[in-house]
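Residues per chain, in single letters:
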Amino acid sequence: MIINEKEIIEKLNSDDPLTRDKTLHYIYKDLFPTIKSFITKNSGNKEDAADVFQDAIVIFYDKIRTKNFKLDCSIKTYVYSVSKYIWLNKLKKNKKIISLDEQIDEIKILPSEVEKSETSERQVELLKMIEKLGNKCKEILIYYYFDRIKMRQIAVKMNFANEQVAKNKKSHCLKKLKKMAVNLKNN
Amino acid sequence: MGANDKFESKIDDYLLNRLTIKDMNSFEEQIINDKALRQKTEAQKEIIDGIESYGKIELKKKLKKIHSEIFENTNSLIRKTIGISIVATIIILALYFVFSKQNSLSDPNKLYLAYFEPFDYSTTKRSESQGSLFTLGVLYNQKKYSELISRFEQSTNIPLEQPSDLLLAIGIAYLEEDKPSKARDYFNIITQKNDFNFSEEVKWYSAMSYLKEGDFETVKSLIKYFVDDKSTFFHDQATQLNFDLK
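Protein chains in written order, with the working numbering: chain A, 48 to 234; chain B, 568 to 813.
I should point out that these hints are in silico values taken from the structure, not numbers from a laboratory.
Because the structure is a prediction, the values reported are computed rather than measured.
Yeah, the Cβ is synthetic: ideal placement off N, Cα and C, and Gly gets one too.
Errors might be hidden in some of the hints.
[Unchecked claim] Computed list of lysine-lysine pairs in DSS-like fashion (alpha-carbon distance at most 27 Å, straight line):
id, chain 1, residue 1, chain 2, residue 2
1, A, 197, B, 797
2, A, 226, B, 632
3, B, 631, A, 69
4, A, 183, A, 197
5, B, 589, A, 110
6, A, 222, A, 183
7, B, 770, B, 797
8, A, 204, A, 222
9, A, 232, A, 179
10, B, 627, A, 204
11, B, 623, B, 612
12, A, 175, A, 117
13, B, 623, A, 69
14, B, 770, A, 204
15, B, 797, A, 214
[To be verified] Not the full set, but computed from the structure, chain B residues with beta-carbon under 8 Å of chain A:
id, residue
16, 610
17, 615
18, 626
19, 637
[What the hints assert, rightly or not] Ranges between beta-carbon positions, derived for each pair:
id, chain 1, residue 1, chain 2, residue 2, range
20, B, 597, A, 219, 24 to 30 Å
21, B, 651, A, 210, 50 to 56 Å
22, A, 93, B, 597, 48 to 54 Å
23, B, 597, A, 206, 35 to 41 Å
24, B, 597, A, 226, 21 to 27 Å
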């Protein structure tokens, strides 16, 4: 399967989760060797490379979901630059390199795009609450809010009778979660 | 659809960037003026942020799975391929050895070539003063067997009177000229002479003559003497030959 950049982005935004998974598989196979080579040549091992690359793909996936995101370089350059940023930042934190700025030369990466903000206690609790939801609720909320898949396709994927049934289910799950969050706040 | 559901849907559209600029501005104006709507929007944003964080964790898990699918499967495929290659190589080598062994066993000439070593005639003492004997020795060492046989037969009518080492050399020359039966005639003359100095050589080269003819049973009976006696000169070769013939 050889697909161009435009197709990759289209497929990652597809309403079919299977198409998204296949595309993730494709870009993983295509881009990981380059990142692995960079990290293993710069004080890292294969496990570091996989960890950094996966974080970079999560960032890339998160970006392309938003309607306004436009990539002004190739996917490879973007993922490479993000991986490089993450890795060099880790090395800097571990005091293995002195200057990070000299090393970042591919594209401008905003630290806010890449660096994970400290997870607050409240967010941790929220994640625990989501974990406690049933599998169906978790699945529909992630499809809708994280993957941004349309309700019509979610209904097909999750075997609901129609789009309205899927909407009701999502609404029910969201309310359940809100209720849990309110209870947490009150306790 | 209830009023709450309508708000929920509108807040979703706003938070997920699905509104037009005009609708977005209008909604933001509503938020400023409506405290309840503002609180609902903030609460929903917190929940959606949480779901997105959870989604990222799930995506990373999915990527780890993809990693192991691609690379561990590839590694196991490589390991499997290497394993199969090793087994195949072992089988091929085993077949080769069995086949070549069978081939060599079924071909008396190959066995003969593997075990035949010419008798070292040069170790016997001859001087140039002994004329023809010296010349015959030179011909033997130069492996000019045909000429050696011809000269020897011209020079003598009574082989029994010839020295045993020369008779042995003539027998070996016949052996090398592919006349094993004629070779044995000369080895037998040495036996008739009761020259025990060459009895082992006679036995061994006689065995070689039968080997050349493919008479393995006679070979085995002749070399048994060497196999059984470690002190004999041909013990090692005989033991190996006996093993190959089995």
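Taking the hints in turn, this is what the structure says about them:
1. Between residue 197/A and residue 797/B the alpha-carbon distance is near 92 Å, which puts this suggested pair outside the 27 Å criterion.
2. For a cut-off of 27 Å, the pair hint linking residue 226/A to residue 632/B is broken: about 33 Å separates their Cα positions.
3. A C-alpha spacing of about 14 Å is found between residue 631/B and residue 69/A, which places the hinted pair at or below 27 Å, so the restraint holds.
4. Only pairs whose Cα atoms come within 27 Å are accepted, and residue 183/A paired with residue 197/A is accepted, the gap being roughly 16 Å.
5. Restraint check for residue 589/B and residue 110/A: the C-alpha separation of about 24 Å stays at or below 27 Å, so the hint holds.
6. Simply put, residue 222/A and residue 183/A have alpha-carbon atoms about 14 Å apart, close enough for the 27 Å limit, and the pair holds.
7. Taking the CA atoms of residue 770/B and residue 797/B, the gap is near 16 Å; set against the 27 Å cutoff, the hint holds.
8. Taking the CA atoms of residue 204/A and residue 222/A, the gap is near 22 Å; set against the 27 Å cutoff, the hint holds.
9. Our distance criterion of 27 Å between C-alpha atoms is met by residue 232/A and residue 179/A, whose separation comes to about 17 Å.
10. Distance check on the hinted pair: residue 627/B and residue 204/A sit about 21 Å apart at the alpha-carbon level, within 27 Å; holds.
11. Among the hinted pairs, residue 623/B with residue 612/B is consistent with the structure: their alpha-carbon atoms are about 16 Å apart, no more than 27 Å.
12. Restraint check for residue 175/A and residue 117/A: the C-alpha separation of about 33 Å exceeds 27 Å, so the hint is violated.
13. Taken as a hint, the residue 623/B and residue 69/A pair is honoured in the structure, with Cα atoms around 17 Å apart against an allowance of 27 Å.
14. Under the criterion of a C-alpha separation no larger than 27 Å, the hint pairing residue 770/B with residue 204/A is inconsistent with the structure, at around 91 Å.
15. This hinted pair does not check out: residue 797/B and residue 214/A have alpha carbons roughly 96 Å apart, beyond 27 Å.
16. About 6 Å separates the beta-carbon of residue 610/B from the nearest beta-carbon of chain A, less than 8 Å, and the hint is met.
17. Checking residue 615/B against chain A by beta carbon gives a least distance of about 5 Å; that is within 8 Å, so the hint holds.
18. A hinted interface residue such as residue 626/B counts as satisfied when its beta carbon comes closer than 8 Å to some beta carbon of chain A; here the least separation is about 5 Å, so the hint holds.
19. Given hint, residue 637/B at the interface with chain A, holds; its Cβ is 5 Å from that chain's nearest Cβ, closer than 8 Å.
20. A hinted range of 24 to 30 Å holds for the C-beta pair residue 597/B and residue 219/A, which are about 25 Å apart.
21. Residue 651/B and residue 210/A have their C-beta atoms about 52 Å apart, which keeps the hinted 50 to 56 Å range intact.
22. Checked against the hint of 48 to 54 Å, the C-beta distance between residue 93/A and residue 597/B comes to roughly 52 Å, which is consistent with it.
23. Between residue 597/B and residue 206/A the beta carbon distance is about 37 Å. The supplied range of 35 to 41 Å therefore holds.
24. Between residue 597/B and residue 226/A the beta carbon distance is about 24 Å. The supplied range of 21 to 27 Å therefore holds.
Of the hints listed earlier, those the structure fails to meet are numbers 1, 2, 12, 14, 15, in rising order.
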